[in-house]
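Given only the sequences and the hints, what does the whole structure look like? Please build it.
2 protein chains.
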Amino acid sequence: MENVKVAIWGFGAMGSGMARMLLKKKGVDIVGVCDLHPERAGRSIYDVLGIERGEKPEVIINPNIDEVLTEKCCDICLCATDSFTKNAFPRLKKVLEKKINVISTAEEMAYPQAQNPEIAAELDKIAKENGVSILGTGINPGLIMDLLVVCLTGCMTDVDHIEAKRVNSLSPFGPAVMEEQGVGMKVDDFNRGVADGSLAGHVGFSESINMIADAIGWKVDKFEQQMAPIVTSVDRKSPFGFAAAGDVAGVNMTGQGYVDGQVKIDMIHPQQIEPEMEGTFTGDYITIKGTPEVNMSIKPEVDGGLGTIAMCVNMIPHVINADPGLKTMIDLPVPRAIMGDFRTFIKR
Amino acid sequence: MENVKVAIWGFGAMGSGMARMLLKKKGVDIVGVCDLHPERAGRSIYDVLGIERGEKPEVIINPNIDEVLTEKCCDICLCATDSFTKNAFPRLKKVLEKKINVISTAEEMAYPQAQNPEIAAELDKIAKENGVSILGTGINPGLIMDLLVVCLTGCMTDVDHIEAKRVNSLSPFGPAVMEEQGVGMKVDDFNRGVADGSLAGHVGFSESINMIADAIGWKVDKFEQQMAPIVTSVDRKSPFGFAAAGDVAGVNMTGQGYVDGQVKIDMIHPQQIEPEMEGTFTGDYITIKGTPEVNMSIKPEVDGGLGTIAMCVNMIPHVINADPGLKTMIDLPVPRAIMGDFRTFIKR
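Protein chains in written order, with the numbering used here: chain Y, 1 to 348; chain L, 1 to 348.
The hints are simulated quantities; they were obtained by calculation from the structure and are not laboratory data.
Among these hints, one or two may not hold up.
Remember, identical chains collapse to one label, so a pair may be satisfied in a single copy or spanning two.
Straight line, CA to CA, 30 angstroms or less: simulated DSS-like cross-link-like pairs of lysine-lysine [claimed, not checked]: (1) Lys219 to Lys56; (2) Lys72 to Lys94; (3) Lys347 to Lys93; (4) Lys56 to Lys289; (5) Lys165 to Lys289.
This is the structure we're talking about:
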């Protein structure tokens, strides 16, 4: 059997991380990479990654996607270009129309039915017409605050209330994340950024809540989310961030899904630099009230960057094996690490 | 759409618990129950369960499976009759040949490929010939020490070593479990029981280890397990068990899966009455070394009885929806609680 052929669109932190992971695996080849960034376009991926090419075929980063992807040139394309479904749509459509399966890192694509049901239906239609499938995934949304919750409800006869809490550190992240999450801002500026929508915070609560609800058969009749500054009382410094005492060290996002007028799904997701400096310890926590109750914790939290990279790469076989159409994490078999030859995971 | 129709074979603690759960759900009917026990056969299930029948159709427990099940008389049969694949096989075959899907509680059926690959292949063939599917599941094997492990590896780029530990209390269980697990025995008698195979202990390590390994692409080249008495230093008393100081309060089972000559999967599963009396606190723990590391705990442990009941009932739609053949938990979408109408979970 031929190796599994993968293309990557977007060679930033996520796309290049996926390449790094794929290069260590058996039975899979990277056959093309598209990226517009002038520092990367035209260069060998091995050069950009700082990895010896060895026996592997050369891959030059090409800014023109139509040169990277021709019809059925590969089994799957990993699209690490966007956070929002609307922005990702034209790119995803282009790949599907070349009869290539897609995995998208766009947070909203983890459950596009939540906020863009028309686009979701359109993607499903295009995928089916072209005989391929498409999935959005990542660590969160994609696993920690949704699929893992769904999986744990599997051992329950009855569910009353769900709380998913992800307390993570922003310290490992770079300048772009510091800016997106408001690290180092004055509280007033932060609040203005929330009001005018320029601060994104975490994208994915609506997707996670709707994924859980649809999976277990609840109907969400209202969704709300809030974004508050985490104000530090001490100076905090991380490799790429600094928050002086009295300023913003991160963002505390909360969200609620209402079912029959009651809050049934609570999401709590504070992200900040150096959380330990004020006694906050990181972790992922799922508390499900019902029969029997389930109280899960993962300490420390699963690393967000590596987790997203792994989820996207590890789902490749499931997406290739799936029936044509738009898939979500609740439609496919459970994710799993791929320690053997990629080809043995593919059902031809 | 008609209600989903379920039959139950075996109306002990598990089978009757599934009936109790199903009676609270929408869009699903129990259409037949088979049980040989003279205290139950011939009686109404509502009478045995101590539940008001209300508007629901009468179901009389029938000791003759051929009267309970006629060809395609229901969508699925829950078989809660056995622990071992070899013993369950003739019963499972009978149900499949009536063109009815099956979920089995037999621990070994959670991954019959592990110890009975020929029977697994035979069941797969029979199921396909009859256009139906068959799954073995439960809380463990089925979720806690295997599927949940697999799911958590999904966020890892690389896995080095897996440890799954389930520390549970036997206090809620009845006299049969006390006997199976050796509670109250003298240490010498316990050791004789291990040697002559009359003490079963936990059934499922081989299944869990092989499920995990096959899921992530490891090849198990050796499997071992051990069974040691948990000797109490104080008198311990539970509703159905008693262990005097110096005697056996439960069983500590350990198992190892070797990959390339190294222990890669460790299973640790001490079960005892009143564990808190000597400072043991119950919980489910998964520790996966690799990138990134994952350290999960569920405290207290997920209730084994309710968990098994829920897993079997909650997997009904996935098994009905599956392609014909033998399925395992790693082939199907993630388990989930069913809080809505059962019919909405079925793809016709």
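Quick rundown of the hints versus the structure:
1. Lys219 to Lys56: For Lys219 and Lys56, only the inter-copy Cα distance (26 angstroms) is at most 30 angstroms; the intra-copy one is 50 angstroms.
2. Lys72 to Lys94: So Lys72 and Lys94 pass the 30 angstroms test inside one copy only (12 angstroms; across, 45 angstroms).
3. Lys347 to Lys93: Answer is both; intra-copy 25 angstroms and inter-copy 27 angstroms each pass.
4. Lys56 to Lys289: Between copies only: 29 angstroms across chains, 51 angstroms inside a chain, cut-off 30 angstroms.
5. Lys165 to Lys289: both (14 angstroms within a copy, 23 angstroms between copies)
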